[in-house]
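Chain Z is already provided as a structure; the job is to place chain X on it using the hints.
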Amino acid sequence: MGDIMINMREVFETNEMIEKENLDVRTITLGISLLDCMDSSLDGLCERIQDKICKKAENLVRVGEEIEAEFGIPIVNKRLSVTPIGLIGSAACRREEDFVRVAKVMDQAAKEVGVNFIGGYSALVSKGQTPKEELLIRSIPEALAGTERVMSSVNVGSTKTGINMDAVRLMGDIILEASRKTADRDSLACTKLVTLCNAPDDNPFMAGAFHGVTEADAVINVGVSGPGVVKTALEKVRGENFEILCKTIKDTACKVTRVGQLVASEASKRLGIPFGIVDLSLAPTPAVGDSVADILHEIGVEYAGAPGTTAALALLNDQVKKGGAMAANVVGGLSGAFIPVSEDQGMIDSVEAGALTIEKLEAMTSVCSVGLDMIAVPGDTKAETIAGILADEMAIGMINQKTTAVRIIPVAGKGVGEHAEFGGLLGHAPIMPVNGFGCDGFVNRAGRIPSPIHSFRN
Amino acid sequence: MRRAIITVVGHDAVGIIARVCTYLADHKINILDISQTIVNGYFNMMMITDVSGAEDSFVELSQGLEKLGEEIGVAIKIWREEIFDSMHRI
Chain Z
1 MGDIMINMRE VFETNEMIEK ENLDVRTITL GISLLDCMDS SLDGLCERIQ DKICKKAENL
61 VRVGEEIEAE FGIPIVNKRL SVTPIGLIGS AACRREEDFV RVAKVMDQAA KEVGVNFIGG
121 YSALVSKGQT PKEELLIRSI PEALAGTERV MSSVNVGSTK TGINMDAVRL MGDIILEASR
181 KTADRDSLAC TKLVTLCNAP DDNPFMAGAF HGVTEADAVI NVGVSGPGVV KTALEKVRGE
241 NFEILCKTIK DTACKVTRVG QLVASEASKR LGIPFGIVDL SLAPTPAVGD SVADILHEIG
301 VEYAGAPGTT AALALLNDQV KKGGAMAANV VGGLSGAFIP VSEDQGMIDS VEAGALTIEK
361 LEAMTSVCSV GLDMIAVPGD TKAETIAGIL ADEMAIGMIN QKTTAVRIIP VAGKGVGEHA
421 EFGGLLGHAP IMPVNGFGCD GFVNRAGRIP SPIHSFRN
Chain X
459 MRRAIITVVG HDAVGIIARV CTYLADHKIN ILDISQTIVN GYFNMMMITD VSGAEDSFVE
519 LSQGLEKLGE EIGVAIKIWR EEIFDSMHRI
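Residue numbers (the working numbering), protein chains in the order written: chain Z, 1 to 458; chain X, 459 to 548.
Careful: at least some of the hints might be erroneous.
[To be verified] In silico SDA-like cross-links for lysine to any residue, where the CA-CA straight-line distance does not exceed 20 Å:
1) Lys-525(X) <-> Lys-269(Z)
2) Lys-525(X) <-> Lys-236(Z)
3) Lys-52(Z) <-> Lys-247(Z)
4) Lys-247(Z) <-> Gly-531(X)
5) Lys-250(Z) <-> Lys-535(X)
6) Lys-55(Z) <-> Phe-275(Z)
7) Lys-535(X) <-> Ala-69(Z)
8) Lys-236(Z) <-> Met-503(X)
9) Lys-20(Z) <-> Ser-515(X)
10) Lys-535(X) <-> His-485(X)
11) Lys-269(Z) <-> Glu-524(X)
12) Lys-535(X) <-> Lys-52(Z)
13) Lys-322(Z) <-> Lys-535(X)
14) Lys-525(X) <-> Glu-66(Z)
15) Lys-20(Z) <-> Arg-460(X)
16) Lys-247(Z) <-> Val-517(X)
17) Lys-269(Z) <-> Ser-515(X)
18) Lys-535(X) <-> Lys-247(Z)
19) Lys-269(Z) <-> Arg-460(X)
20) Lys-322(Z) <-> Ile-548(X)
21) Lys-535(X) <-> Pro-274(Z)
22) Lys-250(Z) <-> Lys-486(X)
23) Lys-525(X) <-> Glu-68(Z)
24) Lys-486(X) <-> Thr-214(Z)
25) Lys-20(Z) <-> Glu-524(X)
[Said to hold, decoys possible] Some residues of chain Z that are not near chain X, with every Cβ distance over 12 Å (derived):
26) Asn-7
27) Asp-184
28) Val-256
29) Arg-258
30) Pro-430
Think of the hints as simulated: they come from the structure by calculation, not from any bench. Quick reminder that beta carbons are idealized off the backbone N, C-alpha and C, glycines included.
One chain only, chain Z, in its complex shape (with noise of 0.2 Å):
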């Protein structure tokens, strides 16, 4: 309880960030350590991943409902992250279809618990693969899929071990027939897929989220959002200078922040489950006001994608860490401004508009908090043009010590000029051209790349 009694003004003013500017909490992230259910058996491996996950997560969406009523903030989603199954899953599994069945143990727990995604359906592959990762890799567009609620990860690379080229080619495979197993739903199974570069132990956000082997049996990860409210701050220091923009834009953070840390030391102490890292991220949806193009807008650029932009989204991400970093008791995972395009209204106006390329988000990409996310591409986009922009991006994951992601939809039977729709907080999207030229002869070497020289530290 403050000392202080609180004023009319800072209760009004929070009670507008919930109501009009979509202040939400977006995500309580139950990790799941699946490492004590590894069994040589795949009926004995099911069973006890079902179990665990039941258990575990038996009461997290009461408890996340409660603390929504009590508080007054929307936690908009409750999921769950496991320990990646390319790992989990290597003593039993012996086919492609003996993943996939996991996939759908994972997907009947998560429906069981109340949960809508559950991440972790993952492979660690950034120096190099074992035979069952590899078949976890050539599962995934066969449990996408054939489930509703998982989602899947690959870490194809790192600053450490530089990055697995064997893994991008076959990603550039995957997820072409990811996009032709779900053609019925707008390549649905894509949206579900995230290929990564330093890929964090402890992200609350989906698709990456899966619980690291270096974490704790089970542990509470909590993803702010908020560009609304970041949005309507900045309309009030319109032609201000940068020093008041950016104090502006620390100030609205940190306070967002707090919320979160709220929710998750609430969520911690009322599950009795250690709490981990709150992800101090600007996180978009569909939702009109709801945007982060709309913010880097408002800070002075037409649209998302004009020169200037990656500047404004620099300055954007930085402030958001530096106002979070103080308001969160511990911060980790992504931490910083999406740019996904399906999930931003700005973004997809950015796009029809003319102003936003996919070679314009590769260079914003080096100073978001993660990476190409949620850009639908014609459906008839060959392997190895997908290769070629997942090693790009990894590469700037990798020359730079950030995470960094592709989450890209070639979307069957659509081209250039028309639509994808993937409904709910997925969004929809105008599919983006993709550079033509060719890039075989570089994606189609064997081995890998060597980490970089500043990764030798030691």
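The following block gives chain X in isolation, referenced to the frame of chain Z:
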């Protein structure tokens, strides 16, 4: 003491405070402070209350007040004080 903040926002009308206070009295919620103002015809009220005597759960109180708000034509929310402390006090 367990403090909660109640906010009431909407078009001004006769008897808003009376209806809300009656509800609070019926549910054994003690009012510690009331601030109220009218901005552009809109009624804005904040109450600081002690809910430690209430028999209903917080979720029930929240739903009950929301329903009362619908009857009167205003938006009523009840919040644990900690959210404001967290956001506005470092």
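Each hint, compared with the structure:
1. Lys-525(X) <-> Lys-269(Z): 30 Å, violated
2. Lys-525(X) <-> Lys-236(Z): 35 Å, violated
3. Lys-52(Z) <-> Lys-247(Z): 45 Å, violated
4. Lys-247(Z) <-> Gly-531(X): This hinted pair is violated, its Cα atoms lying about 39 Å apart.
5. Lys-250(Z) <-> Lys-535(X): Measuring from Cα to Cα gives roughly 28 Å; hence the hint is violated.
6. Lys-55(Z) <-> Phe-275(Z): 18 Å, holds
7. Lys-535(X) <-> Ala-69(Z): 9 Å, holds
8. Lys-236(Z) <-> Met-503(X): 25 Å, violated
9. Lys-20(Z) <-> Ser-515(X): 27 Å, violated
10. Lys-535(X) <-> His-485(X): The given pair, whose Cα atoms are some 15 Å apart, holds under the 20 Å limit.
11. Lys-269(Z) <-> Glu-524(X): Between Lys-269(Z) and Glu-524(X) the Cα gap is close to 27 Å, so the pair fails against 20 Å, i.e. violated.
12. Lys-535(X) <-> Lys-52(Z): 37 Å, violated
13. Lys-322(Z) <-> Lys-535(X): 32 Å, violated
14. Lys-525(X) <-> Glu-66(Z): 18 Å, holds
15. Lys-20(Z) <-> Arg-460(X): 28 Å, violated
16. Lys-247(Z) <-> Val-517(X): Cα-Cα ~37 Å, so violated.
17. Lys-269(Z) <-> Ser-515(X): Between Lys-269(Z) and Ser-515(X) the Cα gap is close to 18 Å, so the pair holds against 20 Å.
18. Lys-535(X) <-> Lys-247(Z): Distance of about 31 Å is beyond 20 Å: violated.
19. Lys-269(Z) <-> Arg-460(X): 18 Å, holds
20. Lys-322(Z) <-> Ile-548(X): 15 Å, holds
21. Lys-535(X) <-> Pro-274(Z): The hint is violated at about 30 Å.
22. Lys-250(Z) <-> Lys-486(X): Not OK: Lys-250(Z) and Lys-486(X) at ~41 Å, beyond 20 Å, violated.
23. Lys-525(X) <-> Glu-68(Z): Holds, at roughly 17 Å.
24. Lys-486(X) <-> Thr-214(Z): 49 Å, violated
25. Lys-20(Z) <-> Glu-524(X): The hint holds at about 17 Å.
26. Asn-7: Given that some Cβ of chain X is not farther than 12 Å from that of Asn-7(Z), nearest at about 8 Å, it is violated.
27. Asp-184: 41 Å, holds
28. Val-256: The assertion about Val-256(Z) is violated, with a minimum of 8 Å to chain X.
29. Arg-258: At roughly 4 Å from the nearest Cβ of chain X, Arg-258(Z) sits no farther out than 12 Å, so the non-interface label is violated.
30. Pro-430: 37 Å, holds
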